[in-house]
Every structure is written in C-alpha cells, then in structure tokens.
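Just so you know, the protein sequences line up as chains B and V, in that order.
In my numbering, each residue carries its 1-based index in the first sequence increased by 5.
In my numbering, each residue carries its 1-based index in the second sequence increased by 5.
Derived from the structure by calculation, the hints contain no laboratory data.
Cβ coordinates follow ideal geometry from the N, Cα and C atoms, glycine included.
Please note that the accuracy of each hint is not assured.
Footprint (simulated), chain V over chain B, 3 or more residues, beta carbon under 8 Å [claimed, not checked]:
| id | segment |
| --- | --- |
| 1 | 54-60 |
| 2 | 81-87 |
| 3 | 90-102 |
Computed, partial: chain V to chain B, Cβ under 7 Å [what the hints assert, rightly or not]:
| id | residue |
| --- | --- |
| 4 | 123 |
| 5 | 124 |
| 6 | 126 |
| 7 | 127 |
| 8 | 135 |
| 9 | 139 |
| 10 | 140 |
| 11 | 141 |
| 12 | 163 |
| 13 | 166 |
| 14 | 168 |
| 15 | 171 |
| 16 | 176 |
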Amino acid sequence: MTSGLQIILTKSSEELASLIASYPVLDDALQSAVRSAAVVLLPSTGHAGAEVSYFPSDTPALLQLLQQELPEGVRVEAAVDEDAYQELALHGIVMTLATVACTSVVLPIVKDLLAKFIERKISKKETLKGATVRAKIIVAKTMTSCYTEISYEGPAAEFRKTLDRVDAKAGSDEIIYTPPTLIEVRRDEAQGSTSRSSSALEGLKSSSEQAPKHHTD
Amino acid sequence: MKGSRAVQSKHPSIIQIREQLTKIKNDALRLANERLAKKIWCYETILSIQEDYAEAFRCLRRRNFYKAWCLYEKVEIALLFLGQHFLESNGEYRLEFIAAQTSKFQSLFPYALFFSTAILQKEVRCSICNARLGLRTGCGHVIGEIYAGKLCCRMITDLDLLEISVVTEPVNKYAVGFLKDEATGKTLDQHDYKLASYVASGLVSPFHGWEIEWTTRREPHSLFADLEAHDKCPCGGGKPYGECCLSEEGVLRRHAIVTFEFRPPADLPALVHSAHRVRARPDATGLP
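Whole structure, please, built from the sequences with the hints as guidance.
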C-alpha cells in the first residue's frame, strides 16, 4: 500500500484508434463493436516476467456499471475475446481498475462512474477504506486524435477529488491537471471541521502537503 | 505457510441446534421458501461465528496461536458476509461485541508480514450453478447473496500462480510466514506471543470485555545489556543503539495497558512490556 498520491499525465503522439486496434480481437462482430465504441476497456500486459494479457479483478462488474450508466448511444466494449478473458487477482489491499480508453466528451461521466465503482466497493467492504487505487484513463478528443494517458495511484478516498481536477483545457484538445490553490485547500480544511469525516480531512491534508506529481511528456 | 480448518462443535446442544436448523432449511427449500432458507443461513452463520470466536479463545489459552489467528480471520470474513443480510437489533447474539473483540484480539498478534499471491484466473465458476463466468457472460447470481440457503461465491477452477510477494497489508491474513528447521523439516514458530498470551490468561471467558491502550515508556537499559552500541536500537527507530536511546534514561518502547472488565486470575504473570489495570467488579459471577 502506498501512502502518497500520484497523478501522471503523459501525452502520446499515437492516435487513440490505433492504440485500441493494437489489442488483438479475433471475433469480427466484437472487433467492429470495439471500433465503434466511445469507451473501451483495455487489457494490461505482462506481470512478474510472465507474458500475459489480463484484466484486473472485478472488471465484469465495472463493464456492467459502464453499460448501465453511460448515456444511451454511448457504446462501451472491452478489447478482448470472451474466450481469451482472464483476470489477475492480487491479494494485497490495492484496488486496480481496468484501463479505460475514451473520448474527451465522455471523460467527465467516465471519471464519475469510476469513482462510483470505487465508492461502491468500499461501502461493501470496510477494509478497503484505506486501500490504494491504481487507475488509468486514456483520453483523446476524437478516436483519430493523439491521446493523453492519465495514471492515478493513491488513496481510494482521494480518487474522485483528484480526478475532478483533470479535464480538457478550455478551447483546446489538451488534457490538464489543475492543482488546488492554497485558498481552496484551506477552505476545504475549514469545511472539514464541520462537514467532513476526520479520515477525509487527513486525506485532504496529505494531498496538499504531498503535492501530486504532475508530468506532461 | 500454514492452513486453517473449519471448526464444528461436538457439544451435544450445539449439534442439536445445528441439526434443527438444517431440518428447517431443508423443509423451507422443499416449499421453495427462499426467504426462510436465507434466514436459516443467517442463524447457521451466527452459530459458526460464535463457535469459532469461542474456539479461537480456547486456542489462545492452549498457546495454539496460529490456529487462533486463522479463526479470528474466519470470524471477520463471516461477519462481513452476514452483515449484508442480518441486522442485529438488541445485541442478543453479541455480534457487535464479537466484531470489536476480534479486531482487538487480532491486534495482539505479532504478525507483520504476509505472503500474497498474484493469480491469473483462467476459469471462474459460480458456486451456486457451476456456470463458467466470463467478462460478458454472467449467470445472474450475485457474490455474497444467498440462494437456496447457500452463500454465492466464485470458484477459481483453472489458474496460473504468477508470483508470491511479501506484503504488510494483505487481503488474506491466513498466509503468515514461519521458519523451517532445515535439519528436521519441522515448522518453527519464531513469533513472540507474549501480549496475546497475557490477555488470554487474564480473561476467564472470551465474552468478558477488555480494552487495550497503546502508549510508550522508557524501559531500563539493563533489559538490553546484551546489546552493543553499534547494534540497532531496541526502540525500533532504526539508528544504532549508541546514537539513539543509550544516552537517554531508558529505551523508548511501545507499552500496552490492558484493562480487564472482570478481575483477572490472581496468578496472572507479570509482563515486561505490559501492565494491567482492573476495573474491580467483585460482585461479578464466575470470578476466580
């Protein structure tokens, strides 16, 4: 479990569509569904020296949540054949989410649904309250634009608040992270004394003291 | 790593209750009464929790510490699943007490490092209908829900073990590391159970309350006379003894203050790192 919080934004020169196409899907119908989807779950590759392609635990539940909650017409798919689907179960208290690729128009709702997914898991299992979340969102203005990779690793309780600070820059395709100002941190701390739980307040302090790392390559 | 085994009481009255519950559940299932079957599952689980909690205490008293640890973990998991279906209104089953005490008993164990596996799950099936589950293909059964009086779980039927790592915050607390005697092949228990042992011997029943408060205090240097100045300081700070506590009036150590609800046995042994306070209850029944 890591105690710090890290959010890294990495800009790529590759188009989102070609990244998605690089994941082999043999079934023709599924391949076409993946190509037309606005939100795509991508597998991770390689673990502990083994050349494996996998999704983290509980990905079916995440896919189901996205299918149910994304607005009508916004299609979601996973870039994996049903027979090839396998999960990696890591039994430490780290909540790893499947990588989500999407266009920037649906980024706000994707962020919200990922946060909702984490919050639901925590509400079911008390021990996950202190868990570290690892999540990656790959976003581009359109499928044919170059993408930005947003990687989050930090406390589950900080996920929503931190991702709320990541968005498309007004009037531009660029995805940016806006760190909280000192005034905002103090205001949040002051509110915390009346409306926030102590654990949330501790999280707020840690995020302000250990400023999230923000890289743009 | 060691494993744990299920506890089933051989006490006649417990066996009788268990048999009665099974009979009611079977009758409910014959009548397709899912609601009653679910209720009986709750009572069966409560009984198991109470039995395991009591057995864990007996294990502590018998100095079978690892088994006690596994039973507390089992109790914790069972309470988690039960909590989704059963709300105790008046504390008659003492579930809240058991949950709180289990957590406190766990805090007495010295285990700090655990083995954690990374498993590639290639085939997963539903424990209720045995259907193979995929990313898009489910069977409709929900993990943690009760069907036909049984808890729904996922069974991993094909897997690759990718790695075993050592972690401090495991999801599965059973996987504690033990040393092995290379000559005899026997498992050695290198852990220090002084505190767990102390609390267990200070309690007459697992259903008697106790509290633990962690503070620090200076221990006399005479207790650490075998250490040299260049050895690591026994305070655990990481610096050499000579550069840390040696120049102080004593070694700063964690100190546990245990408060028993009922007076503990008179022959409770002294413990270097603990002290006890007793809230006197001379009128309480069952006191030694």
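Hint-by-hint comparison with the structure:
no.: 1; hint: 54-60; verdict: holds (count 4)
no.: 2; hint: 81-87; verdict: holds (count 3)
no.: 3; hint: 90-102; verdict: holds (count 9)
no.: 4; hint: 123; verdict: holds (5 Å)
no.: 5; hint: 124; verdict: holds (5 Å)
no.: 6; hint: 126; verdict: holds (4 Å)
no.: 7; hint: 127; verdict: holds (5 Å)
no.: 8; hint: 135; verdict: violated (17 Å)
no.: 9; hint: 139; verdict: holds (5 Å)
no.: 10; hint: 140; verdict: holds (4 Å)
no.: 11; hint: 141; verdict: holds (6 Å)
no.: 12; hint: 163; verdict: violated (9 Å)
no.: 13; hint: 166; verdict: violated (10 Å)
no.: 14; hint: 168; verdict: holds (4 Å)
no.: 15; hint: 171; verdict: violated (10 Å)
no.: 16; hint: 176; verdict: holds (5 Å)
Violated hints for the displayed structure, listed by number in ascending order: 8, 12, 13 and 15.
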